[in-house]
Structure formats: structure tokens, C-alpha cells
Amino acid sequence: MHICRFRSLSFAILLLPYFVNAQDSSRTKQGKIFQPYPVSVSVFSNASALPTSPGQIFEHMHPGLDIGTSFRYNRSEKHQLAQTVKLGFFYHRFVQSAVQLYSEFAYRYELKNGLGFDALAGAGYVHSIPNTEILELNDQGVYEKKTNLGKPEIMGSFAIGAGYTFNKRYRESIAKHTWNPPRLYRIFINYQFWLQTPFINSYVPVLPNTALHLGFSYPLHKYGKI
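Quick note: the sequence shown, position 191, residue 988 per the numbering used here, numbers continuous.
It should be emphasised that the hints constitute simulated quantities derived from the structure, not laboratory data.
Any given hint might turn out to be false.
[As the list claims (entries may be wrong)] Here are the simulated DSBU-like cross-link-like pairs (lysine-lysine), alpha carbons at most 30 Å apart as the crow flies: (1) 883 to 948; (2) 909 to 883; (3) 909 to 875.
Let's have the full structure, built from the sequences with the hints guiding it.
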């Protein structure tokens, strides 16, 4: 019952950007600012552990790559609300290779100098593929390798981070109402704690993970006024 509710919540979070985007499209017709949809790319190391130190996360490197985008809910420069959509992959030797598809609600507090602090929470889908061989006894009494394409799981994610936004001529352009600001690019570091379930029902139904991300974001489009 709880898993079904969590799956429904995950599905709703993944669909939320499309409903909000439809509302934003109607606002642009009234002269509002359209969204730049920045592309975000990060590399990370993932550890199967409760929140821990960066040293332990990188003690055994389990590399991953995360690609995504986001859109804004509001126009405040200081208190920014956004929704992310991300696709990720990581490799954990002897444990699993996993594909992630998830969405997060994000809050950012950004200073005038471009330094910002983030808090994110979300949910989504994980496809986990074991990185160990699975042997099965055949009719001849011989063990043979069994093909395993993995299994679907759900995930919940919580993260905090910090970053720096470059190209602050943007604010000068907005202040002068030129509406032709340059694109903003940003570097960031995020500390993520996430759960996946059901992992192994017999003894690890919920697997905790901690990841440290280092990445950048760059908008596909400039801000503008329609």
C-alpha cells in the first residue's frame, strides 16, 4: 500500500513540470518573461551509505553522470523556486548499475554577487541492474549464467548545495529594461542523499545512497519578453 502511494507521488512529481509549463505558456502571451531552461550536467560519485563525509564517498569511486533541466516558478532573484527533471546513470562495482529518472522541487537563495545556496527534494524512477553474475541450475544439473535485465524501483531524493552564477551583466540589463541580457552560466556542488526501494526484499528492502555532484548549468535560451 505504501509503495503504491509512493509510486503515485513519484509519477505526479514527474508530470508536474508539464502542467506548470502549460500555465507559463499562457502567461507569456500576457508579456511575462519566458524561461531559459538551463541544461545541467554533473559528474558524481555514489556510495551505498547513510549521509557520510566526502572522504568516504570517494574512498571507493563509483562514478556517475547526471543530465537535466529546470524551469522557474517565480521571478524573484533572491528567493528562486524551480522544478528540475533529471536523467542519471552510475556504476557501483559488484553491486549495481542504475539509471535514474526523477524530478525535484528546488529552492535557491542567491546573493547579489552570484553566490547561491540550494535545497532540493523529489522522487522518481530507478532501473537497477545487478553487477554480479546470477547462476541458475539447469535440467542437466549444471549451473549456467542467467540473463538479468534489472528491475524497476522507486527513489526519493534530498539534496543541499552551493553554486556561483557568472555574467552578472544580466541584472544590469534587467534594471535598464533592455530585455536583452546575456545568458547565465553556473557552477555548483551538490550533496545528495537518496533512497531506492525495493532493493533486496529479503534483507535490504530500502537501500540508502549518498552522492557528491560537481557540475555546471547553461541556459539554452536567453531571457526575453514576449
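Checked hints:
{"no.": "1", "hint": "883 to 948", "verdict": "19 Å, holds"}
{"no.": "2", "hint": "909 to 883", "verdict": "27 Å, holds"}
{"no.": "3", "hint": "909 to 875", "verdict": "8 Å, holds"}
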